[in-house]
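Chemist: Starting from the known structure of chain H, arrange chain A on it as the hints suggest.
Spelled out, the chains give:
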Amino acid sequence: AAGVIQSPRHLIKEKRETATLKCYPIPRHDTVYWYQQGPGQDPQFLISFYEKMQSDKGSIPDRFSAQQFSDYHSELNMSSLELGDSALYFCASSPLRDRGLTEAFFGQGTRLTVV
Amino acid sequence: GQQVMQIPQYQHVQEGEDFTTYCNSSTTLSNIQWYKQRPGGHPVFLIQLVKSGEVKKQKRLTFQFGEAKKNSSLHITATQTTDVGTYFCAGREWTGANNLFFGTGTRLTVIP
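Chains as they are written, first to last, in my numbering: chain H, 296 to 410; chain A, -4 to 107.
Only chain H is shown next, with the shape it has when bound in the complex (with noise of 0.2 Å):
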């Protein structure tokens, strides 16, 4: 069965330098997730889509957007790139159900290194 496609799988990048990430939802999942971890930490939500408009906002930073297209694949562009934003990015999507009541796939998640 298809999942979740998160590319790159690694992205190194310096300082002040930007990153695109995409991810490739699973066909006819109708939300995704952006979650960063870091170190040996819990997966933070960042932004989360819904039919390809913006749906809930957490801890992403101003220097951080994100979008999702009408081919439901989702970007999340990260500017000004500072040596903390090192971490693995997930992107999750959720089938098309109630969704509050639907788990979370993720993809493989894209480690970015920032130098």
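These are computed hints drawn from the structure, not numbers from a lab.
Using N, Cα and C, we set each Cβ at its ideal position, and we do this for glycine too.
Keep in mind that a hint or two might mislead.
What the hints assert, rightly or not - Covered stretches of chain A (chain H as the covering partner; in silico rule of three or more C-beta atoms under 8 Å from a C-beta of chain H):
1. 37 to 45
2. 94 to 100
What the hints assert, rightly or not - Mimicking BS3-like on lysine-lysine, the simulated pairs with C-alpha atoms at most 27 Å apart in a straight line are:
3. A:Lys51 with A:Lys31
4. A:Lys46 with A:Lys31
5. H:Lys347 with H:Lys310
6. A:Lys52 with H:Lys352
7. H:Lys352 with A:Lys51
8. A:Lys31 with H:Lys317
9. A:Lys52 with A:Lys65
Claimed, not checked - Label-pair restraints from in silico Cβ distances:
10. H:Arg323 with A:Thr22: 28 to 34 Å
11. H:Glu312 with A:Gly36: 41 to 47 Å
12. H:Thr313 with A:Ser25: 23 to 29 Å
13. A:Gln53 with H:Glu370: 22 to 28 Å
14. H:Ala297 with A:Thr77: 21 to 27 Å
Modeler: Relative to the frame of chain H, chain A by itself:
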């Protein structure tokens, strides 16, 4: 904002021993989910609890949702080395919310 704490942060058990992790939310939750993340992997959904006082079992795993819907627990009976990983609870404040908040996680190590 919503905070979801888990205890203990780390747990080392001998293979065959039982293990329990507790999850406590600062706010009432509409439902709670549990995920397992293996080292180097991504979170994988285990189960969802919705009703107050609900108890669900999956083989050696027992999940409970508190009466006040602010806490939950995961109990593993007779741990195996394949149970190694970090167990996260995750909750939504209200039905339809798309801000699934993860707990701080409990990292389980099973000593063979």
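Chemist: Compare the structure with each hint and give your call.
Modeler: Hints, verified against the model:
1. 37 to 45: holds (count 6)
2. 94 to 100: Result for this restraint: holds, n = 7.
3. A:Lys51 with A:Lys31: holds (16 Å)
4. A:Lys46 with A:Lys31: holds (21 Å)
5. H:Lys347 with H:Lys310: violated (30 Å)
6. A:Lys52 with H:Lys352: violated (33 Å)
7. H:Lys352 with A:Lys51: violated (31 Å)
8. A:Lys31 with H:Lys317: holds (24 Å)
9. A:Lys52 with A:Lys65: holds (19 Å)
10. H:Arg323 with A:Thr22: 28 to 34 Å: Since H:Arg323 and A:Thr22 have Cβ atoms about 31 Å apart, the given range 28 to 34 Å holds.
11. H:Glu312 with A:Gly36: 41 to 47 Å: Since the Cβ atoms of H:Glu312 and A:Gly36 sit about 28 Å apart, the hinted range of 41 to 47 Å is violated.
12. H:Thr313 with A:Ser25: 23 to 29 Å: violated (37 Å)
13. A:Gln53 with H:Glu370: 22 to 28 Å: Given about 35 Å between the Cβ atoms, the range is violated.
14. H:Ala297 with A:Thr77: 21 to 27 Å: holds (26 Å)
Hint violations for this structure: numbers 5, 6, 7, 11, 12, 13, all remaining hints satisfied.
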